[in-house]
Amino acid sequence: MGLENSFGDSYLTTKIDTLVNWARSNAVWPMPMGLACCAIEMMAFAGPKYDSSRFGSEVFRFSPRQSDVMIVAGWVNYKMAHAIRRVWDQMPDPKWCIAMGACASTGGMHRCYGVVQGCDNFLPVDAYVSGCPPRPDALMHALLEIQDKIRTEHSVTLDS
Amino acid sequence: MALDLSEPLQKVIDGLAEDFSDALIDVYQSSGDTFVRIKPEANVEVCRYLKEEHHFIYLTDVIGADRFTSEERFEVIYNLVSLRDRERLFVKAWLEEESPEIASITEVWESANWFERQTYDMFGINFTNHPDLRRMYMPEDFEYYPLRKEFPLLGIPGSIELPSSTPDSEHEI
Amino acid sequence: MFGQYIPILILGGVAVILAGLFMALSRFLGPYRPNSTKLQPYESGMDPVGEADERYSVSFYLVAMSFIVFDIEVLFLYPWAVQYISAGIGTLISMIIFILELLVSLIYLIKKGTLDWEINQFEN
Amino acid sequence: MSTEDISKKKSTPTFFKEHQKALYKALEDKNTSIEFREKDPLGTDMVLNLGPQHPATHGVLRLALQIDGETIEKAKLDIGYLHRGVEKVAENKTFQEFMPYTDRMDYLSPYSNNVAFCRAVEKIANVEVPERANYIRMIGCELARISSHLLWLGTMVQDAGAVSYFLWTFREREKLYDIFDQIGGHRFTISHARIGGVANDLTDSAMAMIKEFVNTFPDELDAWHKTLDRNRIFFDRNEGVGVLKTENALEKGATGPTLRGSGYAYDVRKFKPYSKYDEVEFQVPTRLEGDNLARYYVRMEEMQESIRIIRQCLDKLPKGPVRTDNAKQAYPSKDEVYYSMEGMIHDFMMTDTGICPPEGSESFHSIEAPKGELGFFIQSDGTGHPWRLAIKSPSFANLQVLEKILDGEMIADSVLIIGGVDPVMGDSDK
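Chains as they are written, first to last, in our numbering: chain A, 1 to 160; chain B, 1001 to 1173; chain C, 2001 to 2124; chain D, 3001 to 3430.
Isolated chain A, as found in the complex (with noise of 0.2 Å):
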């Protein structure tokens, strides 16, 4: 199926997986699954003071067909679990998903009937951002992380 693997692990397949990881890693559209209070500190993320987009994640869409990095920000509901899958399954690959703040990653301080201990239970999460809600730096860290593991990794040849 196309180009990767008729050259098989050559010199030209490593040279196009920097070309095309160094071009995804700095165009990282976030996917801002917006739920509770680390919804207001992704505004902030994306705002004037904390601005991400010096990091190439300016464009926050809220359709799930131009975004690469779905962040889920707030306490994950059983009744919302549902409608995030659906958002996750019609992400294009590549993608990747952070899990911003203690309740996204383990349910948090919300120890009861209503919420999702942690949306690692139904997502596959890349970085995971501690914090409630965790500064915009943290989760610009988180970001950064993403952007490095898209540069080692070998996507080209991934999908042969």
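Don't read these hints as lab results, they were simulated from the structure. Every residue, glycine too, gets a C-beta built ideally from N, C-alpha and C. Treat the hints with care, as some may be off.
[Unchecked claim] Residues on chain A that point at chain B, a partial pick, calculated with CB under 7 Å:
#1 Lys79
#2 Phe122
#3 Arg151
Given chain A, work out where chains B, C and D should sit, using these hints.
Chains B, C and D alone, transformed into the frame defined by chain A:
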């Protein structure tokens, strides 16, 4: 018991005492708020009476409570406000444990619609002739009533389904 | 004669090549893993309700029709607008008459109510 | 086309089947208040989900809309996507332990939730709060009101199309975040109130920052007034849109700016003045039209009034303790805990069992949160845990009003009406 009621509230209690003497069970005060307990059957007339005669035109909230006693376990509390005399009054009714049922007061105040749906969702108190009695917060497939005292805080595992964590690319397109 | 069309051809060629390049790049370099949920229409996290090819309401259709009429009117204005000075007074007057005719149709449209979308509302 | 197969044809839900079916059933038999131009004989009314994950719904609010072209015929709200059962959690926590949960309810103005909860507990356990703590609480509440209205302004005008307001209002909010950082150590979920007073005193740098904010903010406000009040687009988008008539505003249970936009000056700070609001003079702005523009004016003038209140509080701020030193009711101050035996025991007892209101007592206390009247109804059984804690949340009441305003509006306007009613889902879903 010493009831230091303000002047308009005193008028309300006297009015209630003589018009609904049989429905009125108990009047008491606790830390500054006055509570009137009535029979559950008479709640619509009492509320309409309070609204027309005593200008309680704003329903702030309908609160459910679980007293967890053997008889008359559930409790419905109406939180009424009269803007003219700047007073707040609580009307209470106690309901039996199995199939708790009380008339809905949406025809007296329209705002009771959602408050009663929330109390139904949390306690299972059935409000008769309510326009559309559905669960407010939990999905309809949930069969328990969370705020009852016997429902565990951490919920019953498996009572609400979780989405599948495997992407369904395994299924066919 | 043929010389003056070269720039347009170059422009068309570059456009086609660029579009083709991007399509090919994203097709070959990007991962392509379709599954049934991904191909479903996006209804903000919920299951889509009803099919998308429901019948549209009339007001869309009326606005589309009137748009076509006025778009073609602009089409006719272009050749005249290019050299309206050398074309003299005669064409100016005929153009004004042409525009006035279409103005009448615009007034008819407004009177007919195709442009206001409000539903009269009683109480809520 | 009987209603049966409409709902069947309509949607093939894959999760929560009864819930979706019940919702669409309720949507169909809701009698709408608008008269159709001509009922479509084939009955192909389109149902659209302005669903839980949508930029305009300010959180996870789901609207099931039955639309005819651009106009909404019927709207049905479905909330509960952020429900975590905070009332159930409250029954298993002591009063002071529960206080950080109130921060996460109306997460646009956490300070006023804390004060609402602490005042409710102080009322049921009749705790005396020192003067200085009352004034610090009032300053915190008014700052929280401004920060909540700022985010409302930023997002509502962005929904109307002007992105620049989001950036301006957030620049002001960042200043407020710094002030809250100075006061309580966290950007906005600050948990600064304690039962019986406030956690710690206002440092001088915090006072200086508040004074500086109070001096610079009013001319920012005037600049926005200048650009928005005569802006043709903003006017036409908001005038006569989402009208809540004066005579049935109270009937529908609106509260806060939504109610004051329709003509009722019902403000809990004037209705039942708490802490020191009776010694501070301010006006309650109201409008009569009840449309989105009226709510816009009410909130902008409320920000003006909040600045006035903060100024008066800063002048009247007395010296004195920040928390009552009654050991049975409030935490002792830190130096007492470290250097005296009783202090440490009191601190331990406070954390372990906390304050115990009299057995069988119940009380309700509400404050004027930015969204409306936020009240806590507490029933106590004498132990440190509340027997029942019911929250009267303003956004819940305003959402009920929203469902009734939406009939007959255009879809594009429904986005603005949601912004105008300004619900916060953490608050309404409890």
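Status of each hint after checking the structure:
Interface hint status for A/Lys79: upheld, as the beta-carbon distance to the closest one in chain B is roughly 5 Å, under 7 Å. Taken as an interface hint, A/Phe122 checks out: its beta carbon lies about 4 Å from the nearest beta carbon of chain B, inside 7 Å. Evaluation of the A/Arg151 hint against chain B yields a violated restraint, the C-beta minimum of about 24 Å exceeding 7 Å.
Hint 3 alone, counting from the list given before, is not met by this structure.
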